[in-house]
Amino acid sequence: MNVIELKQLTKRYGRTRGIENLSFHVEEGEIFGFIGPNGAGKSTTIRTLLSLIYPTSGSATIFGKDTVKYAPEIKKEIGYLPSEVFYYDNMKVKDLLKYSARFYKKDCHRRMVALADQLNLDLDRKIDDLSFGNKKKVGIIQGLLHEPRLIILDEPTGGLDPLMQQTFFEILRLENQKGTTILFSSHILSEVQKLCDRVAIIKEGQLVKVEKISELKANSHKKVEIETSGEINERFFELSGINHVERGEHLTRFWFSGNMNTLLEQLTQLELMNLWIEEPDLEEIFMHYYEKER
Amino acid sequence: MMNLFRHELRVSRNATIIWTLSLSGLILFFMSMYPAISSDAKAFQNLLESYPQEVLVSLGISLETITSLLGFYSYVFTYIVLCTSIQAVQLGLQIISKESRDKTADFLLTKPVTRTSIITAKLMAALVLILITNGIFMVVARFTLPLFSDQSFDTSTFLLITSSSLWIAFFFLFIGMMASALLSPIKSVIALSLSMVFGFFVFSMLGAVVGEETIRYFTPFHYYDTAYILAHGTYEWDFVWIEVGLILVMGVLSYFLYRKKDIY
Numbered sequence: 035m036n037v038i039e040l041k042q043l044t045k046r047y048g049r050t051r052g053i054e055n056l057s058f059h060v061e062e063g064e065i066f067g068f069i070g071p072n073g074a075g076k077s078t079t080i081r082t083l084l085s086l087i088y089p090t091s092g093s094a095t096i097f098g099k100d101t102v103k104y105a106p107e108i109k110k111e112i113g114y115l116p117s118e119v120f121y122y123d124n125m126k127v128k129d130l131l132k133y134s135a136r137f138y139k140k141d142c143h144r145r146m147v148a149l150a151d152q153l154n155l156d157l158d159r160k161i162d163d164l165s166f167g168n169k170k171k172v173g174i175i176q177g178l179l180h181e182p183r184l185i186i187l188d189e190p191t192g193g194l195d196p197l198m199q200q201t202f203f204e205i206l207r208l209e210n211q212k213g214t215t216i217l218f219s220s221h222i223l224s225e226v227q228k229l230c231d232r233v234a235i236i237k238e239g240q241l242v243k244v245e246k247i248s249e250l251k252a253n254s255h256k257k258v259e260i261e262t263s264g265e266i267n268e269r270f271f272e273l274s275g276i277n278h279v280e281r282g283e284h285l286t287r288f289w290f291s292g293n294m295n296t297l298l299e300q301l302t303q304l305e306l307m308n309l310w311i312e313e314p315d316l317e318e319i320f321m322h323y324y325e326k327e328r
Numbered sequence: 018m019m020n021l022f023r024h025e026l027r028v029s030r031n032a033t034i035i036w037t038l039s040l041s042g043l044i045l046f047f048m049s050m051y052p053a054i055s056s057d058a059k060a061f062q063n064l065l066e067s068y069p070q071e072v073l074v075s076l077g078i079s080l081e082t083i084t085s086l087l088g089f090y091s092y093v094f095t096y097i098v099l100c101t102s103i104q105a106v107q108l109g110l111q112i113i114s115k116e117s118r119d120k121t122a123d124f125l126l127t128k129p130v131t132r133t134s135i136i137t138a139k140l141m142a143a144l145v146l147i148l149i150t151n152g153i154f155m156v157v158a159r160f161t162l163p164l165f166s167d168q169s170f171d172t173s174t175f176l177l178i179t180s181s182s183l184w185i186a187f188f189f190l191f192i193g194m195m196a197s198a199l200l201s202p203i204k205s206v207i208a209l210s211l212s213m214v215f216g217f218f219v220f221s222m223l224g225a226v227v228g229e230e231t232i233r234y235f236t237p238f239h240y241y242d243t244a245y246i247l248a249h250g251t252y253e254w255d256f257v258w259i260e261v262g263l264i265l266v267m268g269v270l271s272y273f274l275y276r277k278k279d280i281y
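Chains as they are written, first to last, in my numbering: chain A, 35 to 328; chain B, 18 to 281.
In case anyone wonders, no lab produced these hints; they're calculated from the structure. We put the beta carbon where it would ideally sit given N, CA and C, even for glycine. One thing to keep in mind: the hints can contain errors.
[To be verified] Each pair of labels, with its calculated beta carbon distance range:
#1 B:Ser180 x A:Arg159: 24 to 32 Å
#2 B:Tyr245 x A:Ser91: 54 to 62 Å
#3 A:Gly48 x B:Leu265: 29 to 37 Å
#4 B:Lys120 x A:Leu285: 54 to 62 Å
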């Protein structure tokens with residue numbers, strides 16, 4: 035069953051770009067990544083799904099129901115964590131969470147305490163006094179409190195330290211094992227790779243591709259930078275999988291996709307002074323990897 | 018909906034207490050000047066007579082009644098109405114704009130509630146707060162007047178005059194709500210609410226000076242003319258019905274706009 039389904043979903047704002055004819059679906063029980071650079075339309079899509087804003091054309095369904103028509107009903111089963119965390123003045127963490135829980139008419143006290151414990155958050159603090167990361171934790175608990183069937187996360191990791199991020203991901207995996215579907219939006223590829231089964235890639239308001247993470251990984255490039263003492267033999271660059279070569283006097287940069295062992299074998303032949311191998315960021319993937327797709 | 022309603026009351030509780038205390042203090046202060054004026058009524062009237070007629074009219078001062086207890090009260094009451102109007106328009110503007118400004122709209126609007134019930138709960142809360150403020154004021158004023166004068170006064174006229182602050186506040190609540198449905202997010206609620214209320218107020222003053230009857234239709238401050246109430250002991254019902262009509266239109270429009278609105 036498809037938990038989320040977008041059909042030609044379009045949202046245009048006056049001059050600024052929104053989203054254009056987005057169609058994809060998220061299946062029940064999967065962790066679905068939604069990835070694209072800042073300003074690509076991720077938040078616009080999510081806000082349209084939650085009917086905070088209304089589509090210009092096209093439609094979307096959640097749990098098979100139209101998102102505009104059945105908004106309040108659908109939202110009973112959705113937990114949402116916005117990228118910018120909200121807070122009401124003068125409220126304790128506990129009060130806000132209880133306020134939130136009452137909308138679902140569920141007793142969430144035990145879950146609240148358990149989640150706060152896991153995330154190491156003091157329920158008796160005033161929200162105003164919390165750091166950005168701690169406010170984010172309030173948002174996370176608020177999103178998970180009522181045990182929703184669908185969790186929608188918009189850039190959720192900003193402000194969380196790596197350790198907390200790990201805890202957060204563990205919580206999400208646990209929810210997922212219970213059957214909860216998760217839509218996870220991010221502009222950080224590695225984050226999505228860690229967690230998601232499939233991803234939709236969006237750029238400038240348009241869907242670039244929906245792909246399995248496993249396939250994305252197989253196609254993925256590494257950015258290699260080497261510093262050598264002497265000239266590099268031309269034959270080195272004939273190695274298949276090397277592209278986007280930029281040669282400097284000592285520093286040479288290129289992209290590599292293929293068997294790592296072959297590359298490393300070839301690299302040992304060189305007079306290396308320094309070596310960097312890193313993951314290209316998403317912008318670079320868009321610029322290089324998708325160039326050839328067109 | 019009860020959940021949201023209670024939350025709204027809680028959020029505006031302190032501001033309402035401050036408004037109520039300030040209004041009570043203000044009426045005590047104003048009325049404390051009354052003994053001085055009534056003891057030397059003739060001299061006070063002579064002093065006022067030396068003012069240009071336009072000034073007196075624009076300030077709503079009537080020479081015949083200003084030195085009577087209710088006459089003086091209804092004059093200073095103009096400034097009370099100014100305050101309750103500001104409170105009301107602020108509450109109205111906040112109904113839709115506050116959550117957007119504080120980034121809490123994402124929280125509230127992703128809860129399983131319809132927009133109609135959100136705006137209804139908030140409107141009800143604002144109505145209750147306005148009722149409380151004006152109600153407490155009425156009680157305070159009722160017991161303040163005899164403190165500074167032995168003159169007896171007609172209670173029903175007093176009630177008609179005093180409750181007009183409530184009716185005018187309703188107008189401002191709804192115009193504020195409509196403005197926030199149209200304009201939200203609003204950067205400065207205080208600036209907008211002050212300019213709306215003073216805009217109407219200055220317009221009323223000008224209208225009084227010009228003496229143009231039709232202007233009265235365009236400003237709520239003239240719907241409940243205290244001179245008329247003092248003289249006739251009733252409202253001018255045409256204006257009451259106009260207000261009711263306007264409130265209905267503004268209310269329907271606010272609901273309609275809010276239900277269609279994109280929330281950022």
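*Kindly indicate which numbered hints from before are broken by the structure, ordering the numbers from low to high.*
Numbers 1, 4 - these are the hints that the structure violates, sorted from lowest upward.
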